[in-house]
Amino acid sequence: MGGEVYNLIVDLSIALASLVYSHSVGMLISKGTARFLALFPVICVFVCLPLNLKTIIFAGPISFLLSWLGSFKLILYAFGQGPLSTDPALTLYHFIFAACLPIKIIRNQENASHQIKKKSYIDYAPKVILFILSIIGYGYKDYFHALVTICFIAYSFVFMFVVSFNMIALLFGTILGVKLEPQFDEPHRATSVQNYWGKRWNLVVSDILRLIVYNPARAIFSHFFPERWVSVPAVITTFLVSGIMHEMMFYHLGLYNPTWEVTWYFILQGLWIGMEIVIKKTLGKRLELPPILAWLITITFLTLTTHWLFFPSFLRLDPLVTICKETMALIGFMKHGHLLSLEEHACPFFG
Numbered sequence: 001m002g003g004e005v006y007n008l009i010v011d012l013s014i015a016l017a018s019l020v021y022s023h024s025v026g027m028l029i030s031k032g033t034a035r036f037l038a039l040f041p042v043i044c045v046f047v048c049l050p051l052n053l054k055t056i057i058f059a060g061p062i063s064f065l066l067s068w069l070g071s072f073k074l075i076l077y078a079f080g081q082g083p084l085s086t087d088p089a090l091t092l093y094h095f096i097f098a099a100c101l102p103i104k105i106i107r108n109q110e111n112a113s114h115q116i117k118k119k120s121y122i123d124y125a126p127k128v129i130l131f132i133l134s135i136i137g138y139g140y141k142d143y144f145h146a147l148v149t150i151c152f153i154a155y156s157f158v159f160m161f162v163v164s165f166n167m168i169a170l171l172f173g174t175i176l177g178v179k180l181e182p183q184f185d186e187p188h189r190a191t192s193v194q195n196y197w198g199k200r201w202n203l204v205v206s207d208i209l210r211l212i213v214y215n216p217a218r219a220i221f222s223h224f225f226p227e228r229w230v231s232v233p234a235v236i237t238t239f240l241v242s243g244i245m246h247e248m249m250f251y252h253l254g255l256y257n258p259t260w261e262v263t264w265y266f267i268l269q270g271l272w273i274g275m276e277i278v279i280k281k282t283l284g285k286r287l288e289l290p291p292i293l294a295w296l297i298t299i300t301f302l303t304l305t306t307h308w309l310f311f312p313s314f315l316r317l318d319p320l321v322t323i324c325k326e327t328m329a330l331i332g333f334m335k336h337g338h339l340l341s342l343e344e345h346a347c348p349f350f351g
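Per the UniProt record's numbering, numbering of the sequence shown is gapless, rising by one per residue and ending at 351.
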């Protein structure tokens with residue numbers, strides 16, 4: 001584990017130096033092709049950084065935050081767009097955090113992309129209880145149907161994903177002394193797949209994809225499709241890119257050859273949203289479903305497609321057990337300085 005910690009420090013040092021360089025490039029070179037060419041080596045480095053790591057707890061965040069989000073933010077920055085391009089320009093301090101974290105600094109509250117009502121801690125109590133029950137339930141997975149086990153895993157990771165993002169926002173919002181845009185808006189309440197992906201789930205990523213893929217795709221497809229329908233191929237293209245980036249992340253996590261199931265999962269999401277757009281524009285309120293029925297259709301579609309196409313690649317990593325062992329190994333290394341392999345650590349929660 002000690003070697004893995006060393007590799008992480010090396011990766012973070014390279015990332016820090018690269019971001020200092022990128023900020024300098026932005027100060028010296030005007031937006032456009034020249035700035036993009038100057039930043040392109042950094043983008044390539046970011047994509048390769050997770051290959052230096054072997055653990056999910058380290059490779060996962062580096063892949064998501066730098067290989068995907070960081071690279072996309074730098075591409076947008078090269079052309080004067082995205083969260084790194086502000087007026088006045090971000091200080092180096094703010095630039096580094098905004099580039100490598102899933103945050104978006106609010107410069108003007110009135111112009112914030114998403115306005116979400118704040119919740120009290122009591123509102124999170126049921127979710128915490130469900131998370132604990134999911135972890136306990138997974139420990140007895142041999143006694144449950146496979147679909148129930150997948151539900152345990154799905155909820156556990158969604159909960160950890162949301163909590164980790166919120167903690168990052170709270171911590172670095174306080175450190176930076178700024179307000180940050182929200183990242184989630186009760187995704188379990190979505191009444192359409194479009195509503196789920198566009199306005200409720202991982203909103204910072206949604207904004208990045210909208211700028212770097214959807215808007216350019218829409219401009220290109222406007223030459224071939226009527227304005228009324230141009231959003232459909234643009235949405236499908238956006239989800240195609242999202243699928244490819246997820247395939248990259250899964251490769252970074254396990255170094256398995258891509259199966260492309262995850263890519264097809266996101267293409268299917270895009271096709272469904274395209275169908276929703278066509279129905280809404282064609283039939284309008286004539287086919288407006290009751291909220292409870294719309295919610296049921298949405299959750300059913302997301303659950304079935306996730307079980308069918310997303311989770312097979314995810315479960316190959318045995319994520320809960322692997323992360324547990326990696327965490328115990330890291331704790332052992334920090335506590336005792338022992339350089340033990342993962343096989344020498346048992347997970348106290350899962351047999």
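Hints were generated in silico from the structure; no laboratory data involved.
Hints may be right or wrong, so weigh each one.
Listed below are the simulated PhoX-like cross-link pairs for lysine-lysine, each with C-alpha atoms no more than 25 Å apart in a straight line [to be verified]:
hint	residue 1	residue 2
1	54	335
2	280	199
3	179	199
4	127	141
Quick list of simulated restraints, FRET-style, between CB atoms [claimed, not checked]:
hint	residue 1	residue 2	range
5	284	125	20 to 30 Å
6	177	284	26 to 36 Å
7	129	223	51 to 61 Å
8	37	89	18 to 28 Å
9	160	81	25 to 35 Å
10	33	174	50 to 60 Å
11	275	189	18 to 28 Å
12	225	284	12 to 22 Å
13	177	143	43 to 53 Å
14	29	292	45 to 55 Å
15	259	6	25 to 35 Å
16	316	160	16 to 26 Å
Built from N, CA and C at the ideal position, the CB exists for glycine as well.
Check the structure against each numbered hint from earlier and tell me which ones fail, lowest number first. Hints 5, 6 and 10 contradicted; others consistent.
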